[in-house]
Amino acid sequence: MKRILLSVFGFLALAIATLTPAFAQSKGTVYYLVPTLLDEFQTGSVTALELFLKQVGYDFKSLNADNKTDAQQSQMNDVIALKPSVEAARAAGIPVVEFDRQITSTPSDFTSVAGTVEIGYVAADQAEKLLKAKNGAVKGKILQVLGDPGDPYTLDIQKGFEEKMKAFPDVKIISLPAMQW
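Take the sequence shown: its letters are residues 584 to 764, numbered as in the working numbering.
Everything labelled a hint here was simulated from the structure, so no lab data went into it.
A hint or two may mislead.
[To be verified] Computed list of lysine-lysine pairs in DSS-like fashion (alpha-carbon distance at most 25 Å, straight line):
1. Lys724 <-> Lys749
2. Lys722 <-> Lys742
3. Lys755 <-> Lys712
4. Lys755 <-> Lys724
Given the structure is predicted, the values throughout are model-derived calculations rather than measurements.
Could you put together the complete structure from these sequences and hints?
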């Protein structure tokens, strides 16, 4: 759960973590705790966020955890030291933004995440078409390769996929996690 929360804080929870700007032009600092820079989505996100935030007057700091929970926990603790919690940040008028992972246990000011359950639905629709084309009916076995089983992103995709596939009792789903992908 800690890893999930930390990933969600990715475009952080203490979005404008400093109330007193370092110099007159700066509106504050936005911290982006990126879980890893191993894929184009994350590297592109860092570039886009930095460009946008600098254009609108914020300093930007990106902290890469190299896909290590303990590193991200340490980074989060460093940022949290600026403000004790997401709730305190919001109470202080600091906008909290969730990017790529959603925090469901506390409110935020803005959320930008993929429709993960819908991604599962789309995958199920494709599986249905492929099984029907191969077997003449929606039946057979499917290997479902998942990400981290503790990550809500993964769990929501799985939820959408399995929800739609319930309509096909002749389909056996074999699920395997693929960690750190």
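- Item | Violated constraints from the hint list, given by number and in increasing order | none
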